[in-house]
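> Below, each chain spelled out in residue letters.
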Amino acid sequence: MKWLHKDLLDVSQLSKPEVMAIFETAGRFQELQERPVKKVPTLKGRSVVLFFAEPSTRTKTSFDVAGKRLSADTFSLAKSSSSLTKGESLKDTALTLQAMAPDAIVIRHWCSGAARFMADRLDCSVINAGDGRHAHPTQALLDSFTLHQEWGDVAGKTILILGDIAHSRVARSNVILLTRLGAKVRLCGPRTLLPPALKTWPVKVFSDLNEAVKGVDAVMCLRLQLERQKDGLLPDLREYSRTFGLGARHLERANPDVRILHPGPLNRGVEISSELADSAGSLILDQVASGVVVRMALLFLYMTRKGEE
Amino acid sequence: MAKIDLIVRRAKLGGKDVDVFVSRGKIVEVKPSAESLDAGDATVEEAFGLTLLPSLTDVHVHLREPGFEYKEDVESGLRAAAWGGFSNIMCMANTKPVNDNGSVTELMLEKARRYWPKGPRLFPIGALTKGLKGQELAPMAELAQAGCAAFSNDGVPVESTKIFRLAVEYASDWDRVVIDHCEDPYLGVGVGVNEGEVSSRLGLPGQPDVAEALQVARDVLLAEYLDLPIHLAHISCRKSADLIRYAKARGVKVTAETTPHYLTMTENILEAEATEYDALAKVNPPLRPEDDRLAMIEALNDGTIDCLATDHAPHAGHEKETEFDVAPCGITGLDTALSVTWGLVRDGVLTRETFLRAWTTAPCKVFNLPVNTFAPGDPADFFLFDEAEEWTVSPSTLHSKGKNTPLLGSVLKGRVKTHFIAGKKIV
Ligand SMILES: [Zn+2]
Numbered sequence: 011m012k013w014l015h016k017d018l019l020d021v022s023q024l025s026k027p028e029v030m031a032i033f034e035t036a037g038r039f040q041e042l043q044e045r046p047v048k049k050v051p052t053l054k055g056r057s058v059v060l061f062f063a064e065p066s067t068r069t070k071t072s073f074d075v076a077g078k079r080l081s082a083d084t085f086s087l088a089k090s091s092s093s094l095t096k097g098e099s100l101k102d103t104a105l106t107l108q109a110m111a112p113d114a115i116v117i118r119h120w121c122s123g124a125a126r127f128m129a130d131r132l133d134c135s136v137i138n139a140g141d142g143r144h145a146h147p148t149q150a151l152l153d154s155f156t157l158h159q160e161w162g163d164v165a166g167k168t169i170l171i172l173g174d175i176a177h178s179r180v181a182r183s184n185v186i187l188l189t190r191l192g193a194k195v196r197l198c199g200p201r202t203l204l205p206p207a208l209k210t211w212p213v214k215v216f217s218d219l220n221e222a223v224k225g226v227d228a229v230m231c232l233r234l235q236l237e238r239q240k241d242g243l244l245p246d247l248r249e250y251s252r253t254f255g256l257g258a259r260h261l262e263r264a265n266p267d268v269r270i271l272h273p274g275p276l277n278r279g280v281e282i283s284s285e286l287a288d289s290a291g292s293l294i295l296d297q298v299a300s301g302v303v304v305r306m307a308l309l310f311l312y313m314t315r316k317g318e319e
Numbered sequence: 023m024a025k026i027d028l029i030v031r032r033a034k035l036g037g038k039d040v041d042v043f044v045s046r047g048k049i050v051e052v053k054p055s056a057e058s059l060d061a062g063d064a065t066v067e068e069a070f071g072l073t074l075l076p077s078l079t080d081v082h083v084h085l086r087e088p089g090f091e092y093k094e095d096v097e098s099g100l101r102a103a104a105w106g107g108f109s110n111i112m113c114m115a116n117t118k119p120v121n122d123n124g125s126v127t128e129l130m131l132e133k134a135r136r137y138w139p140k141g142p143r144l145f146p147i148g149a150l151t152k153g154l155k156g157q158e159l160a161p162m163a164e165l166a167q168a169g170c171a172a173f174s175n176d177g178v179p180v181e182s183t184k185i186f187r188l189a190v191e192y193a194s195d196w197d198r199v200v201i202d203h204c205e206d207p208y209l210g211v212g213v214g215v216n217e218g219e220v221s222s223r224l225g226l227p228g229q230p231d232v233a234e235a236l237q238v239a240r241d242v243l244l245a246e247y248l249d250l251p252i253h254l255a256h257i258s259c260r261k262s263a264d265l266i267r268y269a270k271a272r273g274v275k276v277t278a279e280t281t282p283h284y285l286t287m288t289e290n291i292l293e294a295e296a297t298e299y300d301a302l303a304k305v306n307p308p309l310r311p312e313d314d315r316l317a318m319i320e321a322l323n324d325g326t327i328d329c330l331a332t333d334h335a336p337h338a339g340h341e342k343e344t345e346f347d348v349a350p351c352g353i354t355g356l357d358t359a360l361s362v363t364w365g366l367v368r369d370g371v372l373t374r375e376t377f378l379r380a381w382t383t384a385p386c387k388v389f390n391l392p393v394n395t396f397a398p399g400d401p402a403d404f405f406l407f408d409e410a411e412e413w414t415v416s417p418s419t420l421h422s423k424g425k426n427t428p429l430l431g432s433v434l435k436g437r438v439k440t441h442f443i444a445g446k447k448i449v
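Line by line, the protein sequences are chains U and S.
Residue 11 is where the first sequence starts when you use the working numbering, and the numbers rise one by one after that.
Residue 23 is where the second sequence starts when you use the working numbering, and the numbers rise one by one after that.
Careful: at least some of the hints might be erroneous.
Using 25 Å as the maximum straight-line C-alpha spacing, the simulated PhoX-like pairs for lysine-lysine come out as follows [said to hold, decoys possible]: (1) 54(U) <-> 12(U); (2) 34(S) <-> 425(S); (3) 261(S) <-> 209(U); (4) 240(U) <-> 224(U); (5) 214(U) <-> 167(U); (6) 261(S) <-> 101(U).
Honestly, the hints are just simulated from the structure, not real lab data.
Given these sequences and hints, build the entire structure.
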């Protein structure tokens, strides 16, 4: 497939065949993971800047490993550690990065729309690694890829996304992508942590977790930002974990083969019980492995889109 | 009869060609154009093909001087007003220092006199509370004496209902109307985008319309209880309009304004392909859904909303070209307001009468400013307008220092050619 997109800002840009192409490419890289030498020269001489204006060890490491496995040179630019970005406007950061002529920039930013802002100003590919509450396309792709690997197809499956939907870019991108792939999506969380306008979303919304889990094929737990309690959105963590924390008792009502996902890092005992996180149905570590190969596939597709063949 | 010193010839006024006779800054007579005319030694302004309109009044602008002259200053703001068709503008108190003492008011007025001695006229608005902090009343007697035409904490609305009540009462002692920026301080957290479908999709914390309407409800109840006037600034949603309609039916002395952008733009601009997350459309209160836009048009046409105001909020380019969360709120408006709202008249959305009421008679009546209805004795404040001239909104065609408008790049119709204030040509 000829890759036409310059940037990956959100999964809404991707058609189903394009998502399948990403999965197929990721699948090929997965085989590579099993070899003793895991590196290929595909992106040798290409450079990827990892610009993380919001700290994230997991996603950044995942992209770093993905880039290195493809022999790309990766450079990190963290907001806190770099004088380049201290007190500098995002526009100036964009211009400075542009002057360094990278082939791709992976951006994580605390503000919704920041990836779009960079993409409008940079010639190279911009890959959104999470912007504010807006989108986290690579996480959604790796989540779906994990389920795709597990089931062969996510179409027709019912997936519950549980927790703080309102502040979650992971939830937003997953709703779009899972729906596009033919899955049925349910949301469950306290009203204070749901987006204000869900009427037009292609989802079923539940406030009772016991109802929400009935017959589901997978539950995707979201990480609860502990400061939500300080914002007054929750009475306390104990009440939250008792009402919306996923425990073994809930799964009795789910499909017997129910799978558990979590984007990490986990608050064990808050949004998910420790036993469930480590249970046989848990795909949490598979998600981490999928993360690397999906990001390899994305770097490959976006960075070789022009000048090849 | 007074000696005529200016004659404007063959201007289009309401479908007729008229000649306007002016003496000592006042209208003497407006009558059908005469073929031959003895002008004597009066100045003659040939206006053939141009539309004659009374000058507009804008009761809500931010001029940024003192303190933020890089965004706008009195000189550049008045230039934008002059070219925009405005003879009177009222400027808000959220400067640095705040206009909460007579010397700041005097500085603004002195700058206006120095750079624009013949107008447009500047009417500063004093702060309601010292430093806009919402704690202690500003010295309104001193401010009124220095030339403040009204009082408002616009920019930092008063949180305490008790202090707000006291401010309304105290302002009435000096015959000044209080202008309230209606925003519940607790619900008004998300800034620059309406809370709803668009904010949910974009992942931006939004501001619900009830944050505005709750405060409107408070103000109309207070205005009724105190039997004192309160003017409600930049109304943006149907809920507020309904409350104001209800209040007016009860005879409450509330008046209200809305802006050209709430009549012509919606929140959807923030998710359009070319303008997604564009901070140029970040404004407070935020752009609302289409139903609210239609409600603003209805409310203006039926008189629920008394007047139009620009809420002219100039900002520097670099301040807007940044993350949406970080960018300041506001749209520059003095340059574009006339073309935009005259466009609504041309399209039959607003009647010509509504346009004239909203931009001229109503705001002047609310704040006791001079008004021109082309009656003998009215101030000779009017402009000649080429209705057909098209112009592209760009940094070079805007006279304000503020180039921050989502209209950048769009083509508007109608341009001021000449503007007279008190019979003197200012542009
Ligand atoms: Zn305001």
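> None of the hints should be skipped; say for each whether it holds.
Okay, the hints, checked on the actual structure:
no.: 1; hint: 54(U) <-> 12(U); in the structure: 20 Å, holds
no.: 2; hint: 34(S) <-> 425(S); in the structure: 32 Å, violated
no.: 3; hint: 261(S) <-> 209(U); in the structure: 20 Å, holds
no.: 4; hint: 240(U) <-> 224(U); in the structure: 32 Å, violated
no.: 5; hint: 214(U) <-> 167(U); in the structure: 14 Å, holds
no.: 6; hint: 261(S) <-> 101(U); in the structure: 38 Å, violated
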